Amino acid sequence: MVMRKLQLELPLNQTQKVRFKRAMERLQFLSSTTNNSVIVADSIHEDAFLLKGHGTSEVDGELMATVCGVVTHVDKLVYIRTLRARYKPEVKDIVVGRVIEVSKSCWRLELNSTKDGILKLSSMDNDVQRRKTYVDELNMRNIIVEDDVVCAEVGCIHRDGGLELRATSYKYGKLEKGQHLMVDPYLVKRSNIHFHYIESLGIDLIIGRNGFIWVGEHVQAQDHMILDDEMIKHTSLETRQSILRIGNAIRVLSNLGFTMTLEVIMETFNLSNAENIDVYDMLGSEFHVLVAENELERRIRRA
Amino acid sequence: MAAKVSVSPTSLIDQIVVPGDVVLDLSNMTNQTIKLGSGLHQDNDVISAMRAGKLSFCKPNKYWVESSHKRYIPRPEDHVLGIVVDSKTDNFWVDIKGPQLALLPVLAFEGGTQRNIPKFEVGTLLYLRVVKTNTGMNPELSCTDASGKAALFGPLRDGFMLETSTGLSRMLLSSPTCPVIEALGKKLSFEIAVGLNGRVWVNSAAPRTVIIVANAMMNSESLSVTQQRIMVEKLLAKISD
Amino acid sequence: MEGRLANMWRLTVNESKFVETALQSELRVDGRGLYDYRKLTIKFGKEYGSSEVQLGQTHVMGFVTAQMVQPYKDRPNEGSLSIFTEFSPMADPSFEPGRPGESAVELGRIIDRGLRESRAVDTESLCILAGKMVWSVRIDLHILDNGGNLVDAANIAALAALMTFRRPDCTVGGENGQEVIIHPPEEREPLPLIIHHLPIAFTFGFFNKGNIVVMDPTYVEEAVMCGRMTVTVNANGDICAIQKPGEEGVNQSVILHCLRLASSRAAATTKIIREEVEAYNRERSLQKVKRHPTLAKSEVSGPTVAVKEEYRKSSDQEKAAEISREHVERLKLSPEELRSSKEQEATNFKGGPSNWDPYSEAMDVDSLKVSLASEGDSITKSSSKKKTNGSGNAQKDGGEISVEEVTGDLGKKDTKHKDGEMTLKDAVKPKKKRKNKT
Amino acid sequence: MEYVNPEGLRLDGRRFNEMRQIVAEVGVVSKADGSAVFEMGNTKVIAAVYGPREIQNKSQQKKNDHAVVLCEYSMAQFSTGDRRRQKFDRRSTELSLVIRQTMEACILTELMPHSQIDIFLQVLQADGGTRSACINAATLALADAGIPMRDLAVSCSAGYLNSTPLLDLNYVEDSAGGADVTVGILPKLDKVTLLQMDAKLPMETFETVFALASEGCKAIAERIREVLQENTKQLEYRRAA
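Residue numbers (the numbering used here), protein chains in the order written: chain S, 46 to 348; chain A, 32 to 272; chain G, 4 to 441; chain P, 12 to 252.
It should be emphasised that the hints constitute simulated quantities derived from the structure, not laboratory data. From a predicted model like this one, the values you see are computed outputs, not experimental measurements. Please note: incorrect hints may appear among the correct ones.
Unchecked claim - Okay, derived cross-link-like pairs now, SDA-like style, lysine to any residue, Cα gap no bigger than 20 Å in a straight line:
{"#": "1", "chain 1": "A", "residue 1": "Lys150", "chain 2": "G", "residue 2": "Leu14"}
{"#": "2", "chain 1": "S", "residue 1": "Lys234", "chain 2": "S", "residue 2": "Asp138"}
{"#": "3", "chain 1": "P", "residue 1": "Lys244", "chain 2": "S", "residue 2": "Asp138"}
{"#": "4", "chain 1": "A", "residue 1": "Lys101", "chain 2": "G", "residue 2": "Glu50"}
{"#": "5", "chain 1": "G", "residue 1": "Lys291", "chain 2": "G", "residue 2": "Leu14"}
Said to hold, decoys possible - Label pairs and their calculated CB-CB ranges:
{"#": "6", "chain 1": "G", "residue 1": "Asp33", "chain 2": "A", "residue 2": "Leu204", "range": "50 to 60 Å"}
{"#": "7", "chain 1": "A", "residue 1": "Thr120", "chain 2": "G", "residue 2": "Asp33", "range": "33 to 43 Å"}
{"#": "8", "chain 1": "P", "residue 1": "Leu119", "chain 2": "S", "residue 2": "His241", "range": "36 to 46 Å"}
{"#": "9", "chain 1": "A", "residue 1": "Thr120", "chain 2": "S", "residue 2": "Ser77", "range": "24 to 34 Å"}
{"#": "10", "chain 1": "A", "residue 1": "Asn250", "chain 2": "G", "residue 2": "Glu286", "range": "44 to 54 Å"}
For glycine and all other residues, C-beta sits at the position ideal for the given N, C-alpha and C.
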C-alpha cells in the first residue's frame, strides 16, 4: 500500500492502522472520479473529434496522456487535470507570495510556480491614483522588504511566461502578524471568495490559489501606505492560539490530501476543540485518524 | 629583414604586403591628398600596412589592402548575412561574425511600426545592411535600403547557408560575374545571397543542386579562373550521367 | 557575457531544415553517401608511440607513454592502461579551458571502455616484478580541430599510437633479485605492447526521430542530429562497447542494423591502420640500419653531418647536460642516493609537462616522460615512484632503479672539446651523459 | 567461480531471467516537487525533482525556448564498500550526462520554455545496476512532479556469464568481468533511448542479452505503472471534495 507522506512521519499503531485503512477504503468507494485517473503514456480512448487540451498528446493517431491526473471533459474539450504539479497561473487568481528580491521599481515574489511573480510599484497603490515618483521608489523598502508575505492578484501573463501581479485594492498588500503555510495547489479549489474573515476568532484566512495559505490576525481595511504607530499593537493570546490551531488543522488536511475549503478547515478546527486536543497533539497520528473518519462522515452526509 | 622603404608608390601596387611593410613615404610627396582604406595606417609621415594582403590602388588616390579573413570588420553600407541571437523589446541582437553583436532596431523594416514588429526565432538568417559602425558601440543594422524600401533585405527562408572567408564573398560579388557562378548558372537554376561578412546563402528547388553549388563555391576560393571552369564542368558531368 | 555570445558558432534554422530535407533524399551536405566515411590520414611522430589522425577536418593527436609504478593491490601482476583527453579551446570555441567538460570525460570513457574492458592490450605482459613494479601505460589524446565525430578519430589515434609504442626491455637481476635493470635501445631492442585485437569505434547520427541513420557525422550534422550512438567492434565481429547516451529513442531494428553495419566496416578500417603502422615500422627500421653503417664507414664525414644536425638539436639542452653530468656515475646507484640528484635534476629539467595529470586520478604521473628518441642519443630515464595516493606535496619523491645512460654514439662530449671536432674515441667509448630530450 | 550452477540457479538463487525484488515509493521528500525511492534488491536510489522553475544561472546560454534539464548523480559515501569515493569522479560525471540525456528525451521540454528542471539522484546502497535504478527513480519522481512526459523511461541491465545471459546483475556478477548491457527504453513507444555495453561479446549473444534486458525493462515498466496508478488513485479519492 503506497502511502504518501503520512506513513513516513506518523507511527500508526495497529488499531489506528486498521481504522485508517477502513476509512480510506470507504472514501475510495465513495469517490466517483477515481476510476478515470490516468498516468503518463496511458492511452485515452476517445472518439476522434474532441479537442485535445492540456496533458494530452497525439502519437500516431492515438491520444496519450503526458501527465498523471484525471481525464476531464468540458463539452468538446478533453484534458487531464493534473494533481501534484506546480501552480499554473491564470489571470484574476488570488495568490499569496513571499518576496525574494526588491529590484528597480518592482518586487519579485516566490509563488511556487514556474516563473517568479513580479509586483510593479505602479500596480501597488489603491486609492490615491498618482504617478509613482522617484521618492516612492526610494522608500519601497520601508513598505515591503525581502521575506515579507504579500497577497496579490495575477495581473497578466507575458509572452515569455513572465508573471505580473496587481495589488490595487485594499484587500491586497503586505500581510502581518500571522502564519504562512504551503500546501499542494491542487488541494485548493478555484472559488470566487478566497478571503475569509472568521469573526468568532477575529482571524483572516486567505487561501491562495497557488497553494500558499495565510492565517493571521484580522486587519481593518485602510491604506497601508501610511504607516502610523498605534497600528502596531499587541495581538491577544487566544487570537494567536486560534491562529496556530487553524494552521495545524490545515497541515493535517494537507498531510491527508483533503481539499482545503473553509468549511473543512473549520470542521477540523472544531473537532480539535471538541476533543480538546492540545495544539501540538493535533499533528499526532490519533488526530489524523480522527480527521479521516470525520471527513468520511462529512462526505457521506453530503453525498 | 629591414622594412622595405619604397619611394615611388606605384612599385608596390598589386603586390603582397605584410604587416609592417612601409607602403608610402609622405615626406617626399608634394601636397597630394591620399585616401587610406582598410589595412593601412599612418604614423606621422610613414604609411605602413597593418594586415597581410594585396595592396590595391584605385584611380584618384585611394589605397587599401585587400585581404581575406574569416572575421568581418563592419563597415557602413555593407550588405551582410546576420543570424538572430536574441530579441529584446526594442531591437534584435544579430551575429554578423564581427567583433561584437550587432543591433537591428525592431522598426528598421519597410513600414515598420510598433504594431507589426516581426517575430524572428533564434537562428533566423537575415539579409541586412550595415548602417552605423561608430567605435565603442555595437554596429547598427537595417532591413531596408537607403530609401527605406525592403529591396531584397529581410529574412531568408529555406536554402542552405555556408560560412566562407570575406575574400571569397568579395570574389563572388565581383563585377564580371565570377566564373564559378557563370558556369553553374548555365546548367542549374539557383539563387544565392552573398554577404560581405563571408556568409553565402544558396537556395534552389532540388537539394542536390544546392549541394553542388555550395561545394563548388567552397572549392573555388583557391582556384584560378580556368581551373574553376574545369572543376564546374567535371561536377556537372558527374551529376548528368 | 555578451562577449562570449559574440564568438560562438551558431546554427541557423535554414541549415538544420536543409540538412534534414537533404537526408530525406539520401544526400549529405558534403556530398557523401549516408554511410561513407571522410578521408582518413594517419601520420606518426618522430618518437615511438605518437600518432596524428586527420578524419576530414577533425584532427586528433595521440601520445602513449609508460612508466613503472606499483600495481593496484587487487591486481598485483597486471599493468594498467589509462586514458586522458585534452579538449583545448583551440579546437572549438565552445570548449571551456580548465576542468574537462562532460563531452571530454565521455569521450575518454568510451575509448577507455573499448580498450580496457575488452582486454585489447595484454596487461599481464606489462608486469615486471609481481606486486612491486609494473608498467603503467598512459594514452593522452589532444583534440586539435573539431570537424565533428571526435570519438572515431580519437579512437584511431589511440590505437595507432599504441601499436607503434615501444617500451624499453627490462630484466630482473641484481643481488637479491629485486633490482630491475632497464636496457637502453642500443643494448636490447625496445619491445612493442602485445595487442590482441583492435577495437574500432564507429559513430552513428540519428535524424528525424531516429528513422535516418548516418555514419561519421560532421560538425554541422552533429548540431542538427537528434541522437547519436558509438559502437566499438573489432575485426572478428565481436562487439567491444556501445554507447548510446539517451537522447532520441530509436527502434530496436535500427540499432541492430547499425551493429551489422559497424562490424562489416571494422575489417576495412583495421586493414588501413595495420598498413600504416607496418609502413611506419619498415621506414623506422630502414632508418636505423642506414645510421649504423654510415657511422662505421666514413668516420669523419658522417659525424660532421650528423653532428651539425645533432648540435642544433642538443644546443638548447646545454645547460641541463652541464648540471646533471657531475651527479651521475657509471655504476648503478642505490635509489636513496640518487633521490637527491633526482630532485636537483627535476628542478632544472625544463622539457616535458611538469604535471600531466589535471584530474584527481588515483595514480599520480611523474613529470618525466620515458620515450625513446629515434636519432642518436637515447635517453631512457625512468623514475619509479612510490605511489602515495593523494600525496599532497608537489615534489614526487621517487628512487631511481638504475640509471644507465649511454649517450648516443654521436652524443656530445664534454664542453672542453671544440663542438665541431669529433674523434673516433668519442664515438666508441660511451661517456656517461644524461641529456633530456624535450 | 561458478556463477550459474548446473540447475540454472545463480548465486542469489534467482533463475537466469528473474529480476531482483522491486520496491518503489513516491512522495518521500516533502520539500521536493516530485520525489521517489526505487529499490532493486539491495540497490537503493532516492530521486528528487525540482521544477519547472526559474533558470538559476543566467550565464547558461539560453536554449531556444526549451526547458533546461540538469541532473546530478552522486553515490553516497556509505553506498559501497570502499569509502574512498570522492564526489566528482569521472564515472559520476559521465553518468550524470547519460541520465540527463535519457530523461531529456522523454520530458516534453518544449512545453516549458525559459525554465529549468533539476533532477537530484543519490545512490543510498549500491549493489549493481545503479544507473538503471537511477533512471527508474527519476522517471517516478518526474511523474510525481506532474512534469509532462512522452513516456516513462525505464531501464534494466543484463549480463553474460558462464555462457548464459543473466538478467539484472548484482555487484558480484557485475564485477565478474563478464559483459554488462544496460538498456533504457520507452515501453509504450517501443523505442530504445539508452544503450550501454562493455566487455567483448559476439554479435548473436549480444542480441540475446539485449532482448533479455528489454524484456526486463518491460516488466519493470509494469511495476512502475502500478505504483503510479496506485498513487494517482489515492490522491484523487482523498481530494474528491
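To see whether the hints hold, each was checked on the structure:
1. For the proposed pair lysine 150 of chain A and leucine 14 of chain G, the alpha carbon gap of about 18 Å is at most 20 Å, so the pair holds.
2. With a C-alpha separation of about 11 Å, the suggested pairing of lysine 234 of chain S with aspartate 138 of chain S holds against the 20 Å cut-off.
3. In summary, the hint linking lysine 244 of chain P to aspartate 138 of chain S is not supported, as the alpha carbons are separated by about 27 Å, beyond the 20 Å threshold.
4. For the hint pairing lysine 101 of chain A with glutamate 50 of chain G, the CA-to-CA distance comes to about 35 Å; that exceeds 20 Å, so the pair is violated.
5. Taken as a hint, the lysine 291 of chain G and leucine 14 of chain G pair is broken in the structure, with Cα atoms around 51 Å apart against an allowance of 20 Å.
6. In this structure the hint that aspartate 33 of chain G and leucine 204 of chain A lie 50 to 60 Å apart at CB is violated, the actual value being about 24 Å.
7. Take threonine 120 of chain A and aspartate 33 of chain G: their Cβ atoms lie about 40 Å apart, and the range 33 to 43 Å holds.
8. Evaluation of the 36 to 46 Å hint for leucine 119 of chain P and histidine 241 of chain S yields a pass: the beta carbon distance comes to about 38 Å.
9. Separation of threonine 120 of chain A from serine 77 of chain S is about 49 Å and departs from the stated range, judged on CB atoms against 24 to 34 Å.
10. A hinted range of 44 to 54 Å is violated for the C-beta pair asparagine 250 of chain A and glutamate 286 of chain G, which are about 32 Å apart.
Of the numbered hints listed earlier, those contradicted by the structure are 3, 4, 5, 6, 9 and 10.
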